[in-house]
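Visitor: Protein chains in written order, with our numbering: chain P, 60 to 516; chain R, 9 to 175.
Please note: incorrect hints may appear among the correct ones.
Said to hold, decoys possible - Computed cross-link-like contacts, DSBU-like style, restricted to lysine-lysine with a CA-CA straight-line distance of at most 35 Å:
#1 R:55 / P:165
#2 R:55 / P:508
#3 R:133 / P:508
#4 P:257 / P:420
The set of hints was computed from the structure by calculation and includes no laboratory data.
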Amino acid sequence: MTPPPPEAVAAMIRPAPRRPDSRINRDILSVMEGASLGYWVLLASAVLMVHVAGAIWIYQVYEGLGIAGYVHPVFWGVYIVTFVFWVGIAHAGTLISAILYLFRAKWRNAINRSAEAMTVFAVLTAAQFLGIHVGRIWKSYFILPYPNQRALWVNFKSPLLWDTFAISTYATISAVFLYIGMIPDLAIARDRAVGWRKVLYGALALGWQGTSRHWKAHTRSVLHLSGLATPLVLSVHSVVSWDFAMALVPGWHTTIFGPYFVAGAIFSGFAMVLTMMIPVRRIFGLEEYITDYHLENMSRFLLLTSIIVGYAYASEYFMAWYSGVEAEQTSFWMRAFGPYWISTWIMILCNAVFPQILWFKRVRTHVPTLFVLSVLVNVGMWFERYVIIITGLSREYNPSTWGIYTPSWYELGILAGSFAFFSMFFLVFLKLFPVIAIAEMKELAIHEKAHRQGGAH
Amino acid sequence: MPTLLGVYERPDQVAEVATRLRARGYTDLETYSPAPFAEVDDAVDEKPSRVRVFTLIGGLTGVVTGYAMTIWMANDWPIMLGGKPFSSIPPYTIIGFELTILFGGLLTVLGLFLVGGLPSLHRDKAYSPRFSAEEFGVAVRCQDRDVSEVDALLRGHGAEEVSLVEA
Numbered sequence: 060m061t062p063p064p065p066e067a068v069a070a071m072i073r074p075a076p077r078r079p080d081s082r083i084n085r086d087i088l089s090v091m092e093g094a095s096l097g098y099w100v101l102l103a104s105a106v107l108m109v110h111v112a113g114a115i116w117i118y119q120v121y122e123g124l125g126i127a128g129y130v131h132p133v134f135w136g137v138y139i140v141t142f143v144f145w146v147g148i149a150h151a152g153t154l155i156s157a158i159l160y161l162f163r164a165k166w167r168n169a170i171n172r173s174a175e176a177m178t179v180f181a182v183l184t185a186a187q188f189l190g191i192h193v194g195r196i197w198k199s200y201f202i203l204p205y206p207n208q209r210a211l212w213v214n215f216k217s218p219l220l221w222d223t224f225a226i227s228t229y230a231t232i233s234a235v236f237l238y239i240g241m242i243p244d245l246a247i248a249r250d251r252a253v254g255w256r257k258v259l260y261g262a263l264a265l266g267w268q269g270t271s272r273h274w275k276a277h278t279r280s281v282l283h284l285s286g287l288a289t290p291l292v293l294s295v296h297s298v299v300s301w302d303f304a305m306a307l308v309p310g311w312h313t314t315i316f317g318p319y320f321v322a323g324a325i326f327s328g329f330a331m332v333l334t335m336m337i338p339v340r341r342i343f344g345l346e347e348y349i350t351d352y353h354l355e356n357m358s359r360f361l362l363l364t365s366i367i368v369g370y371a372y373a374s375e376y377f378m379a380w381y382s383g384v385e386a387e388q389t390s391f392w393m394r395a396f397g398p399y400w401i402s403t404w405i406m407i408l409c410n411a412v413f414p415q416i417l418w419f420k421r422v423r424t425h426v427p428t429l430f431v432l433s434v435l436v437n438v439g440m441w442f443e444r445y446v447i448i449i450t451g452l453s454r455e456y457n458p459s460t461w462g463i464y465t466p467s468w469y470e471l472g473i474l475a476g477s478f479a480f481f482s483m484f485f486l487v488f489l490k491l492f493p494v495i496a497i498a499e500m501k502e503l504a505i506h507e508k509a510h511r512q513g514g515a516h
Numbered sequence: 009m010p011t012l013l014g015v016y017e018r019p020d021q022v023a024e025v026a027t028r029l030r031a032r033g034y035t036d037l038e039t040y041s042p043a044p045f046a047e048v049d050d051a052v053d054e055k056p057s058r059v060r061v062f063t064l065i066g067g068l069t070g071v072v073t074g075y076a077m078t079i080w081m082a083n084d085w086p087i088m089l090g091g092k093p094f095s096s097i098p099p100y101t102i103i104g105f106e107l108t109i110l111f112g113g114l115l116t117v118l119g120l121f122l123v124g125g126l127p128s129l130h131r132d133k134a135y136s137p138r139f140s141a142e143e144f145g146v147a148v149r150c151q152d153r154d155v156s157e158v159d160a161l162l163r164g165h166g167a168e169e170v171s172l173v174e175a
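This is chain P alone, in the form it adopts within the complex (with noise of 0.2 Å):
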């Protein structure tokens, strides 16, 4: 064949007429752009909050641990109780994005980035609870396997140990789910970003071009980790239970704490994704993306899980009668009727009780009403462990060693910087990271184009 005439040529090197950009782009990529003046408040507010929450912690440094208020026996207070809360709320993400990945349950893909980064800051939150609960940080090191001068290692058989593991293997995978997920979007991002950004994005989407190759290898990495990750976050919580179950404290030594602690993990960190994630979809008018479908789906779990932890609080009883050890029936009744009543009935309430409007659809749809719901379960949550780790060791078997511990000011301080650095990194990620997984939701609305078009599909 003969080359096409010249003219013919140049009209095909002219370029295009442009086209108006995808309408997904703009709407998410438009939730980065410019920050309101209350945006500037919020971020302020958390970053004070957490100077001051460090300035407790330099303090504690200083003076000792006994600014918290422990009181023989009771040794871990609300550091350990919010570590373990922190930790339960990251299970949704990966939740989110590799079991219901594998499920291939197609309404994820809205929630799924916001989850994710959820999951990261919350792990990021928990770990600094493990440097912040030690007596001497300046020791902390002690706690991995590496060649010392005093040709020692670590305990393996201790479920410290493997705390120590599962949560930095979990901060890792998470990361790395994170990031390998975004990696699309901050090239779309890249292509239309200016300045600093497009620096940054450029840098971050490492030239990501959409080329079947890119795709091939990235759907088949996001397959594996997600393969990868379900048995990861079953394990997480299964393991931070096993720091209580393997101790012999009343109240703490079941074989029930896995699930439990996986169950109570996931309705926890559905209950945040939904606190964060309505005032988000509200401010930004993202209704079209996180549609109430989505919000009644993620309230379905919420439901699903609350009946798996009544069920377990109501075994636990149970088992505690049914058991016949003096000790474990007097740390139970003790828990509903002795000094840490009000906590523990704060948590049945909010955990096993008032969940149970979700049964009704009218309830699922109501978005305000949800929202208030998932404030309740969060409270409610952080007291299960409250109650399960207090009220556990200050009724150990001799009474004469008995004690009542009352948080510190200082502990509740740092509780609070807690939320404040969770919701730090979470406001800047709103505003440097598209919080919609944008490729996944194309892939959707170009699906059912071509099915309006009658494509071979």
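Fit chain R to the given chain P structure using the hints.
Guide: Only chain R this time, still in chain P's reference frame:
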């Protein structure tokens, strides 16, 4: 060599035209998609991605490292703890499991980088931000004499436009 770029709206068109082009012997082609579509990726290369080899190697390395590290450390400086054997398999399984996931995950990322050719400083001439909007592209490198045939093939499968990106 000239490169022609066809722009499409639907993934099935891209899959068809890629299959057709390869059947006609134009194997030097590249597709650009705004989202993952298995039919497009398989039309260009039907072999499953080699990332899986990396995951497997990572996972196996992890489990071996986990057990080897714990057993060796417990025996290197033997301290009797709770009367349990130095080489206690049940607790070490947890470390073995976690390291399987950790190494498997990290090697999957390495696999993504090596198999997918990332990170890369190269930018294709045919690439444009429209492919990170909602359009698809098929770029074909061919001999001068084949330009009009490729052009016809690209248009024949419903290309919105065909352009010569490299003369």
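Visitor: Please go over all the hints and tell whether each is borne out by the structure.
Guide: Status of each hint after checking the structure:
For the hint linking residue 55 (chain R) to residue 165 (chain P), the alpha-carbon distance of about 26 Å falls within 35 Å, and the restraint holds. At roughly 28 Å between alpha-carbon atoms, residue 55 (chain R) and residue 508 (chain P) fall within 35 Å of each other, so this suggested pair holds. For the proposed pair residue 133 (chain R) and residue 508 (chain P), the alpha carbon gap of about 28 Å is at most 35 Å, so the pair holds. Between residue 257 (chain P) and residue 420 (chain P) the CA atoms are separated by roughly 45 Å; this puts the pair beyond 35 Å, and the hint is violated.
Consistency with the previously given hints fails for number 4 only.
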